[in-house]
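Novice: What follows is each chain in one-letter form.
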Amino acid sequence: MKVSYNWLKEYLNLENITPEQLADQITLTGIEVDSLIVPGEGLKKLVVGEVRTVEKMEGSDHLNVTQVDVGAEELYQIVCGAPNVAENQKVVVALPGARLPGNFKIKKSKLRGHVSNGMICSLEELGFSDSVIPKRIEDGIYVLPEEAIVGADALSYLGLDDIIIDLDITPNRADAMSMRGVAYEAGTILSQNPEFEKVSLSENAEDLIENYMTVSVQAKEDTPDYKLRIVKDVIVKESPLWLQRKLMNAGIRPIDSVVDVTNYIMLEYGQPLHAFDYDALNSKEIYVRRAKQDEKIITLDGQERTLNQDNLVVTNGDQPVALAGVMGGQNSHVTEKTRTVAIESAVFASSLVRKTAQSLNLRSESSSRFERGLNLGTVQAALDHATALIAEINGGQIVSGIAEIEVTKPLEKKVSITLQRINHVLGTELSLEEVASIFIRLQFEYTLVEDEFIISVPLRRWDISIEADLLEEVARVYGYNKIPSTLPMMESTPGELNDKQRLTRFIHRYLEGSGLAQTISYALTTPEKAERFSMKPSKTTNLDWPMSEEHKTLRLSLISGLVDNAAYNAARQMKNIALYEVGHVFYENESGNLPLEEEHVAGLLSGSLTENTWSNTAQPVDFYTLKGIVEELLETIGIKETIKFAADSSFNDLHPGRTAEIYLGEEKIGVIGQIHPEIAGVFDLEETYVFELSVDALVAAEKNSVLYAAIPKYPGTSRDIALLVEETISHNEVMDVIEANGGKWLQQVRLFDLYQGEHIEAGKKSIAYSLAYLNPEATLKEEEVNKDFEKVKKALKQELNAEIR
Amino acid sequence: MDLKEKLAILADKATQEMKSVSTVEELETLRVSYLGKKGELTQVLKGMKDLSADERPVIGQLANQVRDDLTNQMSMTRETIQKQVLNKRLAEETLDVTLPGVKPIKGQSHVITQIIEEIEDLFLGMGYQIVEGNEVEEDYYNFERVNLPQNHPARDMQDTFYITSKVLMRTHTSPLQARTLETHDFSKGPLKMISPGKVYRRDTDDATHSHQFHQIEGMVIDKHITMADLKGTLETLAKKMFGENREIRLRPSYFPFTEPSVEVDVSCFKCGGKGCNVCKHTGWIEILGAGMTHPEVLKMSGVDPEIYGGFAFGMGPDRIAMLKYGVDDIRNFYLNDQRFLKQFKVRG
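Protein sequence lines, in the order shown, are assigned to chains A and B. 805 is the number that full-length UniProt numbering gives the last residue of the first sequence; the numbers go up by one with no jumps. 348 is the number that full-length UniProt numbering gives the last residue of the second sequence; the numbers go up by one with no jumps.
In short, the hints are calculated from the structure, not lab data. All the pointers check out, no bait thrown in.
Covered stretches of chain B, going by a simulated chain A footprint (3 or more residues, C-beta under 8 Å):
| no. | stretch |
| --- | --- |
| 1 | 126-137 |
| 2 | 187-196 |
| 3 | 208-220 |
| 4 | 246-255 |
| 5 | 291-301 |
| 6 | 328-339 |
Even glycine gets a Cβ: it sits at the ideal position worked out from N, Cα and C.
So that you can see chain B by itself, here it is in the shape it has in the complex (with noise of 0.2 Å):
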């Protein structure tokens, strides 16, 4: 057998070889055995010192192709090994991905509270500032100075939790109307203000009653502000709140410290002006009290209603969550139920 006969039959036994390895390491050790130092090609090269100078460089060509076979047979079968292990990992690895992830911690605020910041942003990017001030007020600001004087009807409207004679729980925000109105400084621009806070009233807790809750109010006083403005103003709030389509309808009334007073209605956000359940078949939803600011209320703060004059308008938070979450018991938001409170983690 010559030389050539044998690289012939080395490379094709080592390709079949090659055929039945599995694993890379399968594959090292069979590139030793015919391409190593050792191995079966050095072995039969060593009997090209035998052969005559014409034919040395023939098989030496001859036996460097049958090693770049061998080689790149084995790199690919190497690729092909190797795609394999991954694959079988990879199958191996696989996951149920329904299962349920693990969810960082998280808390969130109170309903109450979402809607108040709602609505101090819309506000906020209308120009006005937020005033906050004391839940314990003087009788002088809490009534007096918006208009309520001693013996005044309209204080059976508010029953109040007095603390002295001259001090008590507030019983709206107003006071913080009379005491901005007061220090501000008009020359610097006009006053626009929302103030929330927690208020109280003597009411005896149920379903609908709590003899603490939250307002928001707002005020605006300049040169020339209308009751216009005043309309436009409370759209948008209701659009902001209730959704674009919102209508809003004046209703006379009476607030001491506004002249005139308007009671406002939303058209039902439920059921679009129909009438349903949430509106009483109506198809309003009494939302806010609002008015021009009343004369006395500016003088008493040593503003000249001559010149100036504005709006102001009140609502609450807690019965803007109780008709827009249809939550219907005013309790829920003081209990603290975490039923109650994770349900509202959702801002929508």
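Excised from the complex, chain A in its bound form (with noise of 0.2 Å):
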């Protein structure tokens, strides 16, 4: 809502501020001001010319020569290109020196050898917004009333002498959607009573409504009050500049002098009003009701629209001549020629308004303030008003009474609110005196009873209807900034994380130190890619109406969006890449509206963990290295049960041969691979690995407790052994046959070593494994360990046909 300074004035004392004051005020207290402009900023000798002599330059076809008197001794010559420019207007005239808008000095300059003093001014080139210059004007100088007086300052004229207070509403203070509403909100800041013009009407006795029309609603719930009066024998025309002045600023376009003035009206009382062409009704009947289903309506702006039971509209008992509240029918709009203008003032149900401009992408100022609801203490002020103000302006006979239909006397809301409450809820120790106070700077009747305040909430005030919206109004006129700044005092709550908060953090803490960088992907991607290196089947979850096709599917794996983040490194010269994410994957759920979120995190691995330097050579990562960081990931959350990885060749876009699903125990928890070079070429990306973990999975599963156990006292012993095996015998074939046949005293077994090549037999391969013996009892005694030894060697040559080397 843009507010003028000078409209605000005609209705409070502003000597006593300052135009900046009552903005930072009116923003401390209860609208947030957007921004305070000044229209006239930086413009300087901008006088009042009027031409007197108009003549076409000879060789051009557009410009013309012109001898303007600005208040000089001597008529200045200027050569203006505007087509409307003509002899005897009263136009704004740039003199040499002037400033213009964007710092545009203007000096005394030749065109095609004439001499120019100066510029005729058109309302753009003064800084106006083209979405308020008159239509008619577009393309010419802006032409200024003849009263105008001749070398007297122009910006005043234009209303550039003004300051602007762009307000920002929030739907809760529509009341301040109109000049009266702010004029109350500023007075309550400076203690003032706002004062309004009285409107006089003066209906022809003799000319009575009931021969023009009647109206009447389908329902009440929809139409709430529908007021409608009706002008004689006016003739449209453009508006006075006032009239004008006042729109633009307020950034709305003068369009004629009907329908200037219900705009002006609007903007006064916040009461949307819209004027009908009497004739073009063609019918002395007004019918509201729900449009029908794919019934047909043109509007204003000469757009076809197809309307169902949502839309209400305004009929003619038996067309559509109005989109209720939201833009009239081109087929009975004021034009030059219309004579009789009916005016209505109605009140619609805002959320079919609201459905409407909503649905036709119709938002207008209209439909916004029908949308948050109106006063209903003016309907009927907002239509006089209007219907005299199109009587003076238009000339005109004012039809005798309003065309209504019954409306039950809107009342005055009561609530209470105690000084106890009050002071409970603010923290503050205000008086019953200080309260009291506030109440009457907001104009707020009461009756006090003991403590309790009963306020009659004006009409104007349709936001308040509960005590917390009281407790509200006394705040913000007190002052937020006075309330004392304390801490809750109360029974102490422990502050601590959950299982999973803390789990989710070790996880964090613990890849971070492996290496690897933290990021945060959209969960919204592209349906190809939502379903990519998903851990188990799953449909996805697709937004109704997306806006693009890259965020239109929420994910099932993290590794997709984290393949996205390396490609794009990769694209960019970092061809190390280090990532890992938690977050949400979105599974479909079966038996709930919402789909199954599982909490999960993601690595990946591409190039190498480390640069080359001078003192180390960087080494490429492998599978090995991030099952590594998964598995000692995993060891040190301290999983009881026994995880393991199984060779899988299901994933598409994984590496038949180098993915592993991770199990914890019968349950899938994640899964680990190298990206398919395939996919990986698609990417632009290395050799990458990747790996998928259920957090969910982890903090369910059940935990070791650690519990000391005492430092062996004996030392223990090893033994190393050498096996040449089929190649296709797994290090888990070999682990499980040494731990089943190790005896008690075996306490570790490490591969050391693996090798396959040059002197090995094809088909086989070389491994190595260190077996560490302890009894932590005793010293173990030599024979001991060989006999359990030889029992191992026995179980891997007949159980695995192993060659001992």
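Bring the two chains, given one by one in their own frames, into a single complex with the hints.
Specialist: Encoded structure:
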């Protein structure tokens, strides 16, 4: 809402405050001031001139040479290209030395050999926005009324001496979407009661509304109030300058002397009005109803709109003539030819106006006010004022009476609050007198019963209906910054992370310590990427109405996002990539409304973890680099159940020979593998390894509790063994045999060598293990260990056909 | 030449030779050649048998003294040589200590996670619990239960990604307030919670808008929680996040789930309030929304607003990170360029 400071001055005495101070106060007590606009900022040497002569410039198809009286001794010769320049016009002249918006300086100049002593200005040149410049002078200069005084400063004529306070109005303060509402708000700040001009309406007593119009509505819920007046014998023209000025400074384009009045009244009262060409209605009846399915109306903007039962229309008893509260119909709008005007002032259900404006994408000053509710106390006052003004400006006779539906008089709500409650909630120590003075400044009438204020809420503040609303009024007028600052005094509660939060933080720190950087990717991605690398089959969850294909589907895996991130980095010459992410994946949920959200962690390695340095050569990462990180993570989490890595070739996007599913007992909790070379190629990635684990599964898993084990007092011993086995025999198989036959003193088995190639029979591999033995209670005897070790050898030979080397 | 003279010459000669010895090995050779079983001293002493009984003890004593002297000299020489050898070795081992060290590999958490954890830790210390929830929500919890019924004009303030007419991407973490309120057992104490997480809005991504971003909301409900308590809590937060000298300013605002509602400005941490680019020359930076929990929100969750009340506040970690570190494009947080991520490894 753009509030003209000059306009506000009509209601309040603003002598003792500057616009800046008032704007600050408004921000601190009620409504955020978006900006303070000074439209005339930087403008100077702009005067009223009178065009005396206009001559076509020879050799130019559009330039004119004019002689203009600017109040100086001699006429100024000014070259002007505007098509509408004419003799005897009063115009705005920028004299040599003048400054226009954008720090544009006007100098005496020569155009095609003709001296030009300045410029005759259009509104655009004076800094007016295209959206407010009247259509008829879009390409031309602005012509001032005849009364303008030659040589006078032109700024005040155009309202360029005004200051505009642009308010950012929250949905609860729709009362401030009117000049009167803002005047009350400013009045509260200044402890003044705004004063409004009394409107007198002279009706033609012999001409009765009944002879022109009756109104009715289909449903009172949809149309709680509908009033209409008629003015005859009007002459529609350009509005007087004061009216145009007010509209333009409020951001509204002047149209004609009828529509401008309806807009002006809407700005003053917040009550949207609509003016019909009475004759074009072609009926003596107005009926407001829901539109029929697929009913059509051509709105003012020339567009044909197809309607449905959620749209409310004003009809002439048969055809729609307006989209109620949103936009008038083309068939009935006011034109220059209009002689009889029907002025509507109504209340339409906000939800219907909202739906209509939204579905037809037709937001207007009018619809935004209906949507947020109206002051039920000024439906008629606004109508009367508009009617009087239309008659005054356009000439014409006011038909006696109002065509209206029956409406019960709106009553002021009673809302109560006690002093004790105010201080209890605000943490203040206000007295009865202090609170009373706040209600007086708000111009809220009240009665006081002991410490209870019973407030009669004025109709202009329809946002107030419960105690909390009054609390807010008291708090903001008292001043939020005067409220003391304390910390809650209450029963103490433990503030601690829950198991999942603690584990999640541990995972973060662990992976960071392993060299991985945390990323945060978009959960919404393309349908194709969303499904990639999913640990389990699931349908995806899709937006109903996405803004783009890029962000349409919720991810089933985190790896997909990490691969995107890796590709982004690789494309920027970063080949060493180490990333992780913790976040939700979204599985379908057959038994509920919402998808199953699972917290996952995923990691990605590509290139090397380190750079080549003067002292170290970087090792490229491989499957086992990443597996080690995952194994150590799972080990330090202390999961009780055995973790298994089972080879898997079912992932389309992972290397079929370099992928393992990770099992916690029987439960699949993760995956690790190399990105399929084909996919890596698509993303322009080198060998890239990834893992993903379900954090939720890790949280749920039973953990080992740490129990101190005494440091052994006796020395242990170890035996090394090298085997030659078929290359298809896995490490796990060997380990199983060793562990099953190791005897009771075997503590640990460590793989320390693996070789395949030269000097080894094709199809075989050489592997070597170190077996550590320890008896915690006595020194181990050589013979005992040898006996146990022989058993292992024998078993390896028998079970795996291993050759002991 | 009598033995006495011979001993004196021997001692002199040995001392002289010792001076030109430069290694431990040479010294040992010298020692053997004088003091060894077949050494010169032994040779000289062989002449003892020709001496009278009177002279023997005198010469014997003299010989012992020569032996002791030489032994002492040799051990001192040995120490000197050893010291020289060590010094030489140390000199040879000198490093260029300005060469870079071998650093352990180290990643870092995302700057938004850092901000969130910092705020979490502050509130954990004040006895709050952290409540997390689903990013896909029911319209009912996301809107209706926070006092935003269908067709409420404030629904315009947040354009929403719908999945079905009843299911959506949460537009704020407020549904967790409703979900926690309806399960909290007030007989076991007050409710103090913060809820960090991702939220989604129907916005076109640009430098200042992101369809996905983060939010942290907090709520305290008990029998006597005041607006002054809200102010004190937010002041504590502002000082923690932006420095001890920060002040806050409350301005009236509107959120459907609180009343009174306020916007909270923090005095500019860059210019201290004098006015600069960061605060757009106002001296204040808008950082939070807050207010006293709306009685309808409590009522809908089965909490009696006549008895219980409290406050709620919300802020955007993305915005805080942008302000705090001067990040000028919100998309940086989600592109995951390693050159961006690595900048936040320093924990100031």
